[in-house]
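Residue numbers (our numbering), protein chains in the order written: chain L, 37 to 485; chain R, 98 to 254.
Just so you know, these hints were derived from the structure itself, not from any lab. Since the structure is predicted, the reported quantities are computational estimates derived from the model, not experimental observations. Keep in mind that the hints are not guaranteed to be accurate.
Calculated lysine-lysine pairs in the BS3-like style (CA-CA distance at most 25 Å, straight line) [as the list claims (entries may be wrong)]:
| no. | chain 1 | residue 1 | chain 2 | residue 2 |
| --- | --- | --- | --- | --- |
| 1 | L | LYS370 | L | LYS402 |
| 2 | R | LYS252 | R | LYS169 |
| 3 | R | LYS179 | L | LYS268 |
| 4 | R | LYS127 | L | LYS449 |
| 5 | R | LYS252 | L | LYS311 |
| 6 | L | LYS159 | L | LYS94 |
| 7 | L | LYS370 | L | LYS347 |
| 8 | L | LYS449 | R | LYS136 |
| 9 | L | LYS372 | L | LYS347 |
| 10 | R | LYS252 | L | LYS268 |
| 11 | L | LYS144 | L | LYS159 |
| 12 | L | LYS400 | R | LYS127 |
| 13 | L | LYS86 | L | LYS122 |
| 14 | L | LYS370 | L | LYS329 |
| 15 | L | LYS372 | L | LYS329 |
| 16 | L | LYS159 | L | LYS90 |
| 17 | L | LYS86 | L | LYS144 |
| 18 | L | LYS329 | L | LYS311 |
| 19 | R | LYS127 | L | LYS443 |
| 20 | L | LYS86 | L | LYS159 |
| 21 | L | LYS329 | L | LYS303 |
If we take Cβ atoms under 7 Å as the criterion, some of the chain R residues that face chain L in the derived model are [stated by the list, open to error]:
| no. | residue |
| --- | --- |
| 22 | GLU202 |
| 23 | ARG203 |
| 24 | PRO232 |
| 25 | SER235 |
| 26 | GLY236 |
| 27 | SER237 |
Here a beta-carbon is modelled for each residue, glycine too, at the ideal position from N, C-alpha and C.
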Amino acid sequence: MRKFIFLIYVSLFIFNCGKAWSLIEVDITRGNLNPLPLAVSPLSVDQNSKEKFKDTLKLEDIGAEISKVVENNLRQSGLFNPLDPKAFLQKPDIAHVKPRFEDWALIKAQALITGEVKIVDEKLRVEFRLWDVLAGKEIMALAFTTVSENWRRVGHIITDKVYQRLTGEKGYFDTRIIYVAEEGLKTSRIKKLAIMDQDGFNTKYLTLGNELVLTPRFNPTNQMVTYLSYFKNLPRVYLLDIETGIQEVVGDFPGMTFAPRFSPDGKKIIMSFAKDGNSDIYTMDLESREVEKITNHPSIDTSPSYSPDGKYICFNSDRSGYQQIYVMRSDGSKVKRISFGNGLYGTPVWSPRGDLIAFTKLHKGKFYIGVMRTDGTGERLLTENYYQEAPSWSPNGRVLIFYRETKSDSAGKGFSAKLWSIDLTGYNERMVKTETDASDPSWSSLLTD
Amino acid sequence: MSLNKIFRNTLLVFFASILLSACAVKTTGKMQGDVYTGKDTVEYLASGVPDRVFFATNETVLTTASRETLRKQASWLRKNSKINVVLEGHADERGTREYNLALGERRANAAKDYLMTYGISGNRISVISYGKERPVDSGSNPLAWSKNRRSVTVKAN
Numbered sequence: 037m038r039k040f041i042f043l044i045y046v047s048l049f050i051f052n053c054g055k056a057w058s059l060i061e062v063d064i065t066r067g068n069l070n071p072l073p074l075a076v077s078p079l080s081v082d083q084n085s086k087e088k089f090k091d092t093l094k095l096e097d098i099g100a101e102i103s104k105v106v107e108n109n110l111r112q113s114g115l116f117n118p119l120d121p122k123a124f125l126q127k128p129d130i131a132h133v134k135p136r137f138e139d140w141a142l143i144k145a146q147a148l149i150t151g152e153v154k155i156v157d158e159k160l161r162v163e164f165r166l167w168d169v170l171a172g173k174e175i176m177a178l179a180f181t182t183v184s185e186n187w188r189r190v191g192h193i194i195t196d197k198v199y200q201r202l203t204g205e206k207g208y209f210d211t212r213i214i215y216v217a218e219e220g221l222k223t224s225r226i227k228k229l230a231i232m233d234q235d236g237f238n239t240k241y242l243t244l245g246n247e248l249v250l251t252p253r254f255n256p257t258n259q260m261v262t263y264l265s266y267f268k269n270l271p272r273v274y275l276l277d278i279e280t281g282i283q284e285v286v287g288d289f290p291g292m293t294f295a296p297r298f299s300p301d302g303k304k305i306i307m308s309f310a311k312d313g314n315s316d317i318y319t320m321d322l323e324s325r326e327v328e329k330i331t332n333h334p335s336i337d338t339s340p341s342y343s344p345d346g347k348y349i350c351f352n353s354d355r356s357g358y359q360q361i362y363v364m365r366s367d368g369s370k371v372k373r374i375s376f377g378n379g380l381y382g383t384p385v386w387s388p389r390g391d392l393i394a395f396t397k398l399h400k401g402k403f404y405i406g407v408m409r410t411d412g413t414g415e416r417l418l419t420e421n422y423y424q425e426a427p428s429w430s431p432n433g434r435v436l437i438f439y440r441e442t443k444s445d446s447a448g449k450g451f452s453a454k455l456w457s458i459d460l461t462g463y464n465e466r467m468v469k470t471e472t473d474a475s476d477p478s479w480s481s482l483l484t485d
Numbered sequence: 098m099s100l101n102k103i104f105r106n107t108l109l110v111f112f113a114s115i116l117l118s119a120c121a122v123k124t125t126g127k128m129q130g131d132v133y134t135g136k137d138t139v140e141y142l143a144s145g146v147p148d149r150v151f152f153a154t155n156e157t158v159l160t161t162a163s164r165e166t167l168r169k170q171a172s173w174l175r176k177n178s179k180i181n182v183v184l185e186g187h188a189d190e191r192g193t194r195e196y197n198l199a200l201g202e203r204r205a206n207a208a209k210d211y212l213m214t215y216g217i218s219g220n221r222i223s224v225i226s227y228g229k230e231r232p233v234d235s236g237s238n239p240l241a242w243s244k245n246r247r248s249v250t251v252k253a254n
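Construct all of the structure, not just a fragment, from the sequences and the given hints.
Here it is, written out as structure tokens:
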């Protein structure tokens, strides 16, 4: 397992963020039908460094490859329109020192990203600049040094910086997705835990597929995962340390535990425990091992998710007769139903900003991913499909990832399960690339913040 | 002439309806309400002792047919006192994964409770829920879903 904590030295050498003279501004609060045209100039690499990277990383041109990562991220966001590099007139090395703004304005670029890649003490050093083409000035400059295997992450970090500078909000590109990789027949699916970069690269499998695994979720520092495993045919919540690979069962429950998530401080796991036909919500403190019963009701109580301040819990219950969404204080008091629309509601997840709850809704044979305010008002359905569920928020609360299944015949023909993402605005719906079929995605927080 | 035509049309309708009903019979299995009542997927613990019971959508209530099946299982278990069983509860694919895990658990327990009222010790029965993870029929249609909403009694030893 590759190390999870990467050392990235961010040295800030010029940072003109002040006074916002810049004319560029990207509004991310509504569907963006006119993505901002910008140019990502291939990062320039000196011949000596280029040869070395060719040997170690098997990359023809590392500068161009990092630029492609940035370009792809920006395009996927739906807010930016990276222009075709074939139209670029200026050479990368010269553009990085002194862009000829007329050339870039000519191809309608409003912003320009340039950079330089070098080997310094066997390490990868990347410098980049963001330019406002219309104002004709530099608006940001940063440099990173890291081990060269992290070159894709450098592209993600650059994207995060650019995104933040141009939208005013934090990015979500230097992140990972943990999910369940699926193979085989629908009646006997083989499922493994898998982890990948947000853009679908660097996939690693964390379990072998010998037992059924479901619903993995990161802890706040992204080093631990809690999930459901059918190890020895006993469905229980487990904890996995991604770096060491050590797994342990959570608590000592005489029955199925499921639907786990971490508390926002990472100290507790909240989950359902099913006994004698009744599922209630429990927490377990990971240090003291103390177990606390949070709900006590003869109905099914499941899918708990904390508010980011840890004061509230939203969850799924059928105490009214059918699946609905409820909110309570984190000690289990003041339970209040918040979903009142037509249909069934499930999988509530509190947004990282705290103001919204994402959910799955089933109505008249269709499945929807939607959001509502935490008091249940302002319900908005983002996408409708034959089957989809389990939204998970990007760390900046702007994008939701979920999974979608297709119809099949009795032999299972036509069946597929894929990850999809959609903007909070309801725009920019995209399939997220995975090596195999996939379900139950969970988005990490930013790896470097 | 026109009488002849009417006769011919009636005949056509007649044959068409025969054809249609033949088709309807051809679809495998049956449902009452949306509870599966066919035998397609059913296996037998012993002669005349079906291994599974079926449920309506989102329901955990045992139907009359289910109770009859479970009474047969109970009498078989009484005769074979060394056999322990696992009740495997399942849901169809038209629900969220976590809720369906709870629903499967509740269905298997409904069956367990009924077996216990017929004198089978709770010690001989364990329960596991697979939620929607292990369908018997992969189809995305009401009939397939009705076969998948089930509690299956499996010999544990």
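Structure-based check of each hint:
1. For the hint linking L:LYS370 to L:LYS402, the alpha-carbon distance of about 32 Å lies beyond 25 Å, and the restraint is violated.
2. Between R:LYS252 and R:LYS169 the alpha-carbon distance is near 15 Å, which keeps this suggested pair within the 25 Å criterion.
3. For the hint pairing R:LYS179 with L:LYS268, the CA-to-CA distance comes to about 23 Å; that is within 25 Å, so the pair holds.
4. Restraint check for R:LYS127 and L:LYS449: satisfied, since their Cα atoms lie roughly 23 Å apart, inside the 25 Å limit.
5. With a CA separation close to 21 Å, the supplied pair R:LYS252 and L:LYS311 stays within the 25 Å bound.
6. A distance of roughly 16 Å separates the Cα atoms of L:LYS159 and L:LYS94; the hinted pair therefore holds under the 25 Å criterion.
7. Restraint check: the Cα-Cα separation between L:LYS370 and L:LYS347 comes to about 12 Å, which is no more than 25 Å; the hinted pair holds.
8. As the CA atoms of L:LYS449 and R:LYS136 are separated by approximately 23 Å, the hinted pair is consistent with the 25 Å bound.
9. Annotation: proposed proximity of L:LYS372 to L:LYS347 holds, straight-line Cα distance about 14 Å (limit 25 Å).
10. The hinted pair formed by R:LYS252 and L:LYS268 meets the criterion: a straight-line CA distance of about 17 Å does not exceed 25 Å.
11. A threshold of 25 Å between alpha carbons decides the hint, and for L:LYS144 with L:LYS159 the separation of about 36 Å lies outside it, so the pair is violated.
12. For the hint linking L:LYS400 to R:LYS127, the alpha-carbon distance of about 23 Å falls within 25 Å, and the restraint holds.
13. Between the alpha carbons of L:LYS86 and L:LYS122 the distance comes to roughly 21 Å, so the proposed pair stays at or under 25 Å and holds.
14. Distance restraint check for L:LYS370 and L:LYS329: the Cα-Cα separation of roughly 15 Å lies within the 25 Å cut-off, and the hinted pair is therefore satisfied.
15. Using a Cα cut-off of 25 Å, the hinted pair L:LYS372 and L:LYS329 holds, with the two alpha carbons roughly 18 Å apart.
16. For the hint pairing L:LYS159 with L:LYS90, the CA-to-CA distance comes to about 14 Å; that is within 25 Å, so the pair holds.
17. Between L:LYS86 and L:LYS144 the CA atoms are separated by roughly 30 Å; this puts the pair beyond 25 Å, and the hint is violated.
18. Restraint check: the Cα-Cα separation between L:LYS329 and L:LYS311 comes to about 13 Å, which is no more than 25 Å; the hinted pair holds.
19. Distance restraint check for R:LYS127 and L:LYS443: the Cα-Cα separation of roughly 21 Å lies within the 25 Å cut-off, and the hinted pair is therefore satisfied.
20. Of the supplied pair hints, the one linking L:LYS86 and L:LYS159 holds, its CA atoms being roughly 13 Å apart against a limit of 25 Å.
21. Between the alpha carbons of L:LYS329 and L:LYS303 the distance comes to roughly 16 Å, so the proposed pair stays at or under 25 Å and holds.
22. With a least beta-carbon distance of about 4 Å to chain L, the hint placing R:GLU202 at the interface is held under the 7 Å criterion.
23. A hinted interface residue such as R:ARG203 counts as satisfied when its beta carbon comes closer than 7 Å to some beta carbon of chain L; here the least separation is about 4 Å, so the hint holds.
24. Because the closest C-beta pair between R:PRO232 and chain L is about 6 Å apart, less than 7 Å, the hint holds.
25. The interface hint given for R:SER235 holds, since its Cβ lies 4 Å from the closest Cβ of chain L, which is under the 7 Å cut-off.
26. Given the 7 Å rule on beta carbons, the hint for R:GLY236 holds: about 4 Å separates it from the nearest Cβ of chain L.
27. Checking R:SER237 against chain L by beta carbon gives a least distance of about 4 Å; that is within 7 Å, so the hint holds.
In summary, the structure is inconsistent with hints 1, 11, 17 from the numbered list given earlier, while agreeing with the others.
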